[in-house]
Amino acid sequence: MSREGVGASILRKEDVRFLHGRGRYVGDIRPAGMLEVAFLRSPVAHARLIGVGKPEGAEGRVFTIADLEGVGAIRAASALPGFRASGQSVLASGKLRHVGEAIAACVAPSRAAAEDLAAACALDYEELPAIADMLSAREPGAALIHDHWPDNAFLETSREEDLSGLDGIAAAKVTRRLRTARQCMVPMEGRGVLAEWDPRLEQLVVTTSTQQPHVIRTGLSETLGLDEGSIRVVAPDVGGGFGYKAILLPEEIVCAHLAIRLGRPVRWIEDRLEHLTASANCREHHYVVTAWADREGRLLGVELDATVDSGAYSSYPFSACLESAQVGSIFPGPYTLPRFRYRTVSACTNKPPILPYRGVARTGVCYAMETTLDALARELGMTPAAIRLANLVPPEAMPYRNLVGKVFDSGDYPEALRRAVAHFDLERLAQRQAEGECVGFGLATFCEQGAHGTSVYHGWGIPFVPGYEQAMARFSPDGVLEIRTGLHSHGQGMETTLAQVAHEILGVPVARVRVVHGDTALTPYSTGTWGSRGAVMGGGAVAEACRLLGERALAIGAFLLQAEPGQVELSGGAVRRRDGGATVTLDEIARTWYRRPQNLPRDVDTSGLEVTGGYRPDPDTGTHSYACHAVIARIDQDTGEVVLEDYVVVEDGGKLLNPMIVDGQVLGGIAQGIGTALYEEMPFDAAGQPLAGTLADYLVPGATEVPGIRIDHMETPSPWTRFGQKGLGESGAIGPPAAIVNAINDALHRFGAEVFDLPASPERVLAALEEARRGR
Amino acid sequence: MTRLPIRMTVNAENVELLAEPRSHLADLLRGELLLTGTHTGCEHGVCGACTVELDGAPARSCITHAGACDGATVRTIEGFEGDAVMAALREAFTAEHALQCGYCTPGMLVMARDIVLRLPDADEARVREELSGNLCRCTGYRGIVAAVMRVLDRRRGLAGPAASRAA
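Each protein sequence line maps, in turn, to chains A and B.
For the first sequence, this note's numbering assigns the number 1 to the initial residue and increments by one for each residue that follows.
For the second sequence, this note's numbering assigns the number 1 to the initial residue and increments by one for each residue that follows.
Chain A with its partners taken away, still in its complex shape (with noise of 0.2 Å):
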């Protein structure tokens, strides 16, 4: 391994910048003449909007969808059966269908005045019944929040077995209803639009905080009616993604439209109330699972019966049903489940529409999974780790495909359960719970498919299907090496990691390598960053142009020392003769490429050092990473505190290109779930108002609340990668509620308790022990 190629932990190129506060984003940018937008938002949940009354003297500063003329609405449908559609109007047109939905754009010289304008515009409208519950939606007699459709669903997907049988054979058998609740993202960054049209090359120019710039200019594209040469999308420093960055945003169309309109650059920039009011759009599951076990603990079958509360809209492009079309697929995990029946509902509610956090639809898959496991193995005297390994699928069975047709890559699952519990004193912790302690350990396991490609996603036939990966390598005169992708780095270090990769390739040193991303007119198209998708999409992308890029050097340079190309080969940014002669660097070779042509061989390539390479795993099912969260968690009775004491993730990405920056990702993650698990809510009242509007009110675990985490990494390489690196980058975030509440619930049943909702906040564990307490 060189010392900065693929696999080792080098710090990052991209620190210096935000470390001195010249980080670019967004909000930073400020062209000459820009006007700012403020948007009127309903306050309302459900009802039919009578009309807008703007101020006077600013009529020609507050544009409602009728002032929209030729603007179209987002559409983004699935092809899977039954699928709903939703026209979402990018303002409200006819109904306003949640707390937030843009009505008016208002045009100011400054933010301050642009909400001056929002709030002096009269609203008129007629108040609806809200559906502010996703169990409710579907009730007999429920407003309907699309008035043509039969209810209110998305969506309906389920698959058959027959599991009568189990009653008899099981030894032991549980039911959970457990529910999840519903999270902002809070990226520190808000979203933020920054448009504008550039006369001289005829091109829209909209710099935006997205994590998918190609997308973003399609989605614009058919919304605007102008053709994609004519639609430049710049993502700049974006200050964290997690999935609330992938969507075509109704704000992006409006302030595009409105710089074309006004011939003046137009910007919104979101504040954190917006984010919190308009945007509450994730995380929020119920599910029923019965679970049968034979005595060994294994499982015999599970019945699932999942709703995912998907909002009011299907977001552009991963449309309204991404989770709940994924919850049944997943549930087995990493078990080898032999029977499965199962119902998901995607409802629709008068809520912020569905958007993929990371994780997406996994985090809670995999708590139900978990808690239900873990509900079985009290049931039958059993501990976590032996009811997992009585199910995990075993190494000698890899590559494996479960029941619904997932197929694992590699693994060692069952290693990674034990190397997790032996971080543990478990017998000095049954010795704490023997003497009274309110203290419990709590293990999840599962895995995550990521980098999941063209096979997987043609099917469910939203907006986009990735394909191949494309990156470009090419030289510049004097050597420097530039690498061109279209996947975007907000955070994952990729301008660190992919250069690391084309040093793999052509022994470039890091430093010489620039990694441009986040910009339509300068990158080959690609779907962009989620799904787990930038190490081995990106990864393999960049290889692939740095090998051809390679090819051609190399013929230059066996020319250059009068060499057969056979008798040369490429190492440490040379080409060198293989009898250990003369050498010529590749900045020698760049030199001579452009400025040197006299000295070219007759035959050379024309098309020069400048190459586009495309990738794309086969199969392209996905990687799966996996990992074992293991915590203890001590829970105070008298104030329902929970305090981790310690967490430990055994985890398995295959081939870590940088191992500091995956632990990065995994630590970030963790802290995120930590989140998901303990502390963040976004409640709704009865009427559909989103109770928490400010970071005191909705709470983001902060430097006290995430305790000191260990992290062992297998490197179980991935058969069907460049590298064998496996997609984890949101792995961290899908194991810690299901860790932690089992962890609470080992302590909890001591005392005849059981918390089955998340977050498992105070509140929730106080009345489970109250509740206990009444019981008995």
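By construction, these hints were calculated from the structure, which means they are not laboratory data.
Yeah, the Cβ is synthetic: ideal placement off N, Cα and C, and Gly gets one too.
A couple of the hints might just be wrong.
One-sided excerpt, in silico: chain B residues whose CB lies under 10 Å from chain A [unchecked claim]:
#, residue
1, SER23
2, ALA49
3, ILE77
4, VAL85
5, ALA125
According to the in silico footprint, chain B covers these stretches of chain A (three or more CB under 8 Å from chain B) [what the hints assert, rightly or not]:
#, stretch
6, 22-29
7, 686-696
Knowing the structure of chain A, use the given hints to seat chain B on it.
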């Protein structure tokens, strides 16, 4: 609209500007003075992204009224070039992978520098407590805490990285 004349020293330079009474210090820094290294994450004083040094102590520029800043001395992330503690913190933040998206970083650094100078004997638990007013959504804090401990340890003359202690 009434505008308030404000005189401040910002990053060792005297500035004079007119501020809307409803604007806050971060508005002035970012909007009027183009010092965009100071970020706003919540604009209600919780997340700490906008932390700057105001008259020698960390302050949340998003809830510091512009009108209260007349005569103040302000230092933003752009104003610490040549500061040895900040240089050590920057180096430690990189070494400990204490930043990902970079958005909370300027506020974190201003707060971290204050901790290092004010609490030379702080242990990890104290550092976490002191950082609890600065939110980071990317890192899970381990790297940030380790970076602050690394600088504290070095200043205390201890050998070796703080990573293991903070892990």
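How the hints compare with the structure:
1. SER23: Holds, about 7 Å.
2. ALA49: The hint holds - ALA49(B) has a Cβ within 10 Å of chain A, the shortest such distance being about 6 Å.
3. ILE77: holds (3 Å)
4. VAL85: Status violated, d = 13 Å.
5. ALA125: At 8 Å from the nearest chain A Cβ, ALA125(B) passes the 10 Å test, so the hint holds.
6. 22-29: holds (count 6)
7. 686-696: This one holds; 3 residues, not fewer than the three required, reach chain B with a Cβ under 8 Å.
When each numbered hint is compared with the structure, a violation occurs for hint 4 only.
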